[in-house]
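Participant: Okay, here's what each chain looks like letter by letter:
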Amino acid sequence: MLSSELETSYPKLSSDGGKETSPKDSKYNCIAWAAAWDKTRWWQPDKCEPSMHWPDGVLDDGSLLCFIRLFESLGYDDNKDNSSGFEMFYEKVVIYEDIFGQFTHVARQKYSGIWWSKLGEDQDVYHNTPEGLESQHYGKPTRIMKRPCGPIGILLRAFFKIARLF
Amino acid sequence: MDTSVSIPNYVERVKTAYVLCEDREPSPEEWWKDNTIRYAERERERAIEESTSQASGSLEERFNELAQKWREETRGYSLTAQKYAHPAYQSILVLGPDVVPLILNELQVRPGRWLQALKALNNGFDPSQQGDDFDEAVKAWINWGRATKLIP
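Those protein sequences? They're chains A and B, same order as listed. Oh and the first sequence: position 3 is 3 in our numbering, straight run, nothing missing. Oh and the second sequence: position 9 is 9 in our numbering, straight run, nothing missing.
What the hints contain is simulated information worked out from the structure, not anything from laboratory work. Cβ atoms here follow ideal geometry from the backbone N, Cα and C, with glycine treated the same way. Watch out, some of these pointers could steer you wrong.
Quick list of in silico lysine-lysine cross-link-like pairs, BS3-like style, CA-CA up to 25 Å [claimed, not checked]: (1) B:K139 - A:K24; (2) A:K12 - B:K69; (3) A:K39 - B:K139; (4) A:K24 - B:K69; (5) B:K119 - A:K27; (6) A:K161 - A:K12; (7) A:K19 - A:K161; (8) B:K69 - A:K80; (9) A:K47 - B:K139; (10) B:K69 - A:K27.
Computed spacing ranges between beta-carbons, pair by pair [to be verified]: (11) B:P97 - A:G85: 45 to 55 Å; (12) A:D77 - B:F125: 22 to 32 Å; (13) B:P97 - A:G150: 44 to 54 Å; (14) B:G124 - A:D77: 39 to 49 Å; (15) B:D133 - A:G85: 35 to 45 Å; (16) B:D133 - A:G17: 27 to 37 Å; (17) B:V94 - A:G75: 40 to 50 Å; (18) B:E73 - A:P23: 15 to 25 Å; (19) B:T148 - A:A158: 51 to 61 Å; (20) B:G124 - A:S63: 21 to 31 Å; (21) B:T148 - A:L165: 58 to 68 Å; (22) A:G17 - B:A81: 51 to 61 Å; (23) A:P23 - B:P97: 45 to 55 Å.
Build out the structure end to end from the sequences listed, making use of the hints.
Facilitator: Laid out in structure tokens, this is it:
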């Protein structure tokens with residue numbers, strides 16, 4: 001079930017299998033969640049508050065490129081076919097841009113193939129496709145990045161994929 | 001500020017100014033972005049002006065109204081720079097240091113990204129320490145508010 005607030009902010013989320021999976025939390029944002037499953041820090045390139053985090057040595061000018069560089073530094077690469085579908089041997093993130101080409105959001109793919117997003121200071125949500133979060137503020141998902149899973153990642157992905165069938 | 005300009009006239013004016021300044025016809029994409037930015041800036045200025053001139057009710061009522069609007073309209077934003085650009089947030093800053101106790105009360109009830117506003121309204125003073133996590137930073141501000149008797 002989705003709250004009416006989320007249904008209003010993300011008109012496609014409900015029909016895309018949207019489901020809230022956590023309470024609201026101002027401590028961490030989508031970047032922290034997608035990059036490192038970090039629920040303790042707000043990741044942001046300008047680190048304008050002492051509690052914020054951005055990895056040393058990664059471009060931090062606030063441009064779209066710096067978010068791409070962040071995920072490249074974590075082993076992700078551009079997905080040439082830009083497919084958001086499930087791939088057994090890869091884990092994926094998707095970056096959203098507004099009409100100005102500015103970064104607005106990032107989501108990551110779970111082991112089972114569905115997508116997991118932290119919505120600003122709001123909840124975490126599941127959604128079946130990146131398009132489920134298309135909205136006025138987030139704009140559209142434009143860039144899929146992926147990295148190879150390790151052996152444990154592959155086993156987990158196989159397990160969750162099969163479990164989802166039941 | 002000229003508020004009598006209708007949107008179609010405004011759009012035409014921006015387009016004409018763009019052609020005059022750049023001495024070339026902008027691409028549709030350039031023109032759209034440029035026009036949208038200018039329009040958004042104008043709307044933002046107008047919203048700040050309106051919200052500060054319509055100072056009805058007490059400061060607390062005004063703050064609560066703006067804080068609720070800011071919370072609701074920026075709740076999904078991933079970067080604080082985007083949240084801080086919102087007219088309601090800018091209007092709260094315009095209200096000045098008198099809103100600091102109200103922000104501290106709000107922080108106690110609903111911890112949110114108010115820390116930069118508190119810092120700006122206190123001339124850059126920040127009681128939190130480098131390396132503090134969010135909860136610790138919120139606690140540092142609340143302790144400071146109690147120590148200075150701004151909040152009970």
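Participant: Evaluate each hint against the coordinates.
Facilitator: Each hint, compared with the structure:
{"no.": "1", "hint": "B:K139 - A:K24", "in the structure": "holds (19 Å)"}
{"no.": "2", "hint": "A:K12 - B:K69", "in the structure": "holds (23 Å)"}
{"no.": "3", "hint": "A:K39 - B:K139", "in the structure": "holds (18 Å)"}
{"no.": "4", "hint": "A:K24 - B:K69", "in the structure": "holds (17 Å)"}
{"no.": "5", "hint": "B:K119 - A:K27", "in the structure": "holds (18 Å)"}
{"no.": "6", "hint": "A:K161 - A:K12", "in the structure": "holds (24 Å)"}
{"no.": "7", "hint": "A:K19 - A:K161", "in the structure": "holds (18 Å)"}
{"no.": "8", "hint": "B:K69 - A:K80", "in the structure": "violated (41 Å)"}
{"no.": "9", "hint": "A:K47 - B:K139", "in the structure": "holds (19 Å)"}
{"no.": "10", "hint": "B:K69 - A:K27", "in the structure": "holds (20 Å)"}
{"no.": "11", "hint": "B:P97 - A:G85: 45 to 55 Å", "in the structure": "holds (53 Å)"}
{"no.": "12", "hint": "A:D77 - B:F125: 22 to 32 Å", "in the structure": "violated (44 Å)"}
{"no.": "13", "hint": "B:P97 - A:G150: 44 to 54 Å", "in the structure": "holds (53 Å)"}
{"no.": "14", "hint": "B:G124 - A:D77: 39 to 49 Å", "in the structure": "holds (41 Å)"}
{"no.": "15", "hint": "B:D133 - A:G85: 35 to 45 Å", "in the structure": "holds (37 Å)"}
{"no.": "16", "hint": "B:D133 - A:G17: 27 to 37 Å", "in the structure": "holds (33 Å)"}
{"no.": "17", "hint": "B:V94 - A:G75: 40 to 50 Å", "in the structure": "holds (45 Å)"}
{"no.": "18", "hint": "B:E73 - A:P23: 15 to 25 Å", "in the structure": "holds (20 Å)"}
{"no.": "19", "hint": "B:T148 - A:A158: 51 to 61 Å", "in the structure": "holds (58 Å)"}
{"no.": "20", "hint": "B:G124 - A:S63: 21 to 31 Å", "in the structure": "holds (26 Å)"}
{"no.": "21", "hint": "B:T148 - A:L165: 58 to 68 Å", "in the structure": "holds (60 Å)"}
{"no.": "22", "hint": "A:G17 - B:A81: 51 to 61 Å", "in the structure": "violated (31 Å)"}
{"no.": "23", "hint": "A:P23 - B:P97: 45 to 55 Å", "in the structure": "violated (32 Å)"}
Checked against the numbered hints given earlier, the structure breaks hints 8, 12, 22 and 23 and satisfies all the rest.
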